[in-house]
Amino acid sequence: MIETHFLGVPDMTALLFAGLSVASFFGAFMAVVMGVGGGVFLLAVMAMVFPPAILIPLQGIVTMGTGVSLIILMWRHLLWATLLPFTVGSLLGAALGSQIFTVLPTGVLQGLIGGFILILAWLPKITSHGSEPKRFAILGCASTFLGMFVGATGVLVAPFVAGASPTRLNHAVTLTGLMSISYVIRIVTFGLLGVSLWAYTPLIVAMIATAAIGNWIGGRTLVRIPEHLFRRGFQIVLTLLALRLLWVAATSPTA
Numbered sequence: 306m307i308e309t310h311f312l313g314v315p316d317m318t319a320l321l322f323a324g325l326s327v328a329s330f331f332g333a334f335m336a337v338v339m340g341v342g343g344g345v346f347l348l349a350v351m352a353m354v355f356p357p358a359i360l361i362p363l364q365g366i367v368t369m370g371t372g373v374s375l376i377i378l379m380w381r382h383l384l385w386a387t388l389l390p391f392t393v394g395s396l397l398g399a400a401l402g403s404q405i406f407t408v409l410p411t412g413v414l415q416g417l418i419g420g421f422i423l424i425l426a427w428l429p430k431i432t433s434h435g436s437e438p439k440r441f442a443i444l445g446c447a448s449t450f451l452g453m454f455v456g457a458t459g460v461l462v463a464p465f466v467a468g469a470s471p472t473r474l475n476h477a478v479t480l481t482g483l484m485s486i487s488y489v490i491r492i493v494t495f496g497l498l499g500v501s502l503w504a505y506t507p508l509i510v511a512m513i514a515t516a517a518i519g520n521w522i523g524g525r526t527l528v529r530i531p532e533h534l535f536r537r538g539f540q541i542v543l544t545l546l547a548l549r550l551l552w553v554a555a556t557s558p559t560a
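Offset between the sequence shown (1-based) and this note's numbering: plus 305.
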């Protein structure tokens with residue numbers, strides 16, 4: 306008989322536990338090397354296993370833990386000036402999102418995000434408009450608010466981080482730092498809304514551990530990638546993710 310509560314995790318087999326841990330490794334590696342997409346990849350994998358009410362906060366905790374390990378590895382390259390305005394904006398976004406949690410149609414939100422990202426990918430000067438503190442405060446508010454409904458919003462933040470980052474190393478760790486802030490605030494908000502994930506602790510620990518390995522290998526790979534190649538690859542991956550969001554929105558029953 307197959308155990309369906311492996312290590313006490315609800316509806317979890319040993320094989321599924323291992324598969325999610327491996328997916329977490331690849332998601333972390335992808336996020337570092339490509340500059341974007343790791344959170345979306347992990348969200349897509351986890352969506353095949355967990356219901357939405359568990360999926361978004363659970364993915365948030367795993368991604369936050371993943372971010373902490375990357376910051377420890379690459380903290381010297383973090384753009385510290387972006388953190389405070391982004392945090393202030395994120396607090397406002399979470400406060401707004403908690404008032405209408407689960408009310409907005411996900412398909413519509415995904416379509417709007419996808420269209421906006423597509424514009425940012427091919428008109429990058431837009432991401433440098435206005436002062437940096439104001440830009441990242443608005444970005445923190447928007448990404449955290451939307452993250453209450455659609456989960457991984459790093460793809461929305463990434464173009465602005467790319468515009469502010471002198472190098473690919475700055476980009477990788479700053480995007481991770483900003484998203485970790487957003488996830489911490491969202492996790493606290495979900496807790497206040499009554500979402501409890503204590504039963505998933507063994508899975509969370511395993512996924513964060515494998516992601517830390519992915520971060521380490523990804524960081525060593527990133528320093529070997531030429532800057533121009535990273536920028537072009539980032540633009541292509543960002544475009545593909547935006548098109549995916551538009552496709553999901555177009556085929557959604559709520560679109």
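Hint data in this document are derived by calculation from the structure and do not stem from the laboratory.
Here a beta-carbon is modelled for each residue, glycine too, at the ideal position from N, C-alpha and C.
Incorrect hints may appear among the rest.
Stated by the list, open to error - Taking CB as the label site, the calculated pair distances span:
(1) A319 to W380: 14 to 22 Å
(2) T526 to L428: 25 to 33 Å
(3) G538 to W380: 40 to 48 Å
(4) L312 to A386: 38 to 46 Å
(5) S557 to I424: 44 to 52 Å
(6) R529 to S403: 39 to 47 Å
(7) W427 to T309: 41 to 49 Å
(8) T544 to V393: 39 to 47 Å
Do the hints match the structure? See the list:
Checked against the given bound of 14 to 22 Å, the beta carbons of A319 and W380, roughly 35 Å apart, lie outside it. Taking 25 to 33 Å as the suggested C-beta distance range, the pair T526 and L428 conforms, at roughly 29 Å. The hint said 40 to 48 Å for the Cβ distance between G538 and W380, and at roughly 24 Å that hint is violated. For L312 and A386, the hinted distance range of 38 to 46 Å is satisfied, since their beta carbons lie about 42 Å from each other.
Remark: the range hint 44 to 52 Å for S557 to I424 is contradicted by a beta-carbon distance near 21 Å. The hint said 39 to 47 Å for the Cβ distance between R529 and S403, and at roughly 43 Å that hint holds. For the pair W427 and T309, the beta carbons lie near 47 Å from each other, so the given range of 41 to 49 Å is met. Between T544 and V393 the beta carbon distance is about 30 Å. The supplied range of 39 to 47 Å is therefore violated.
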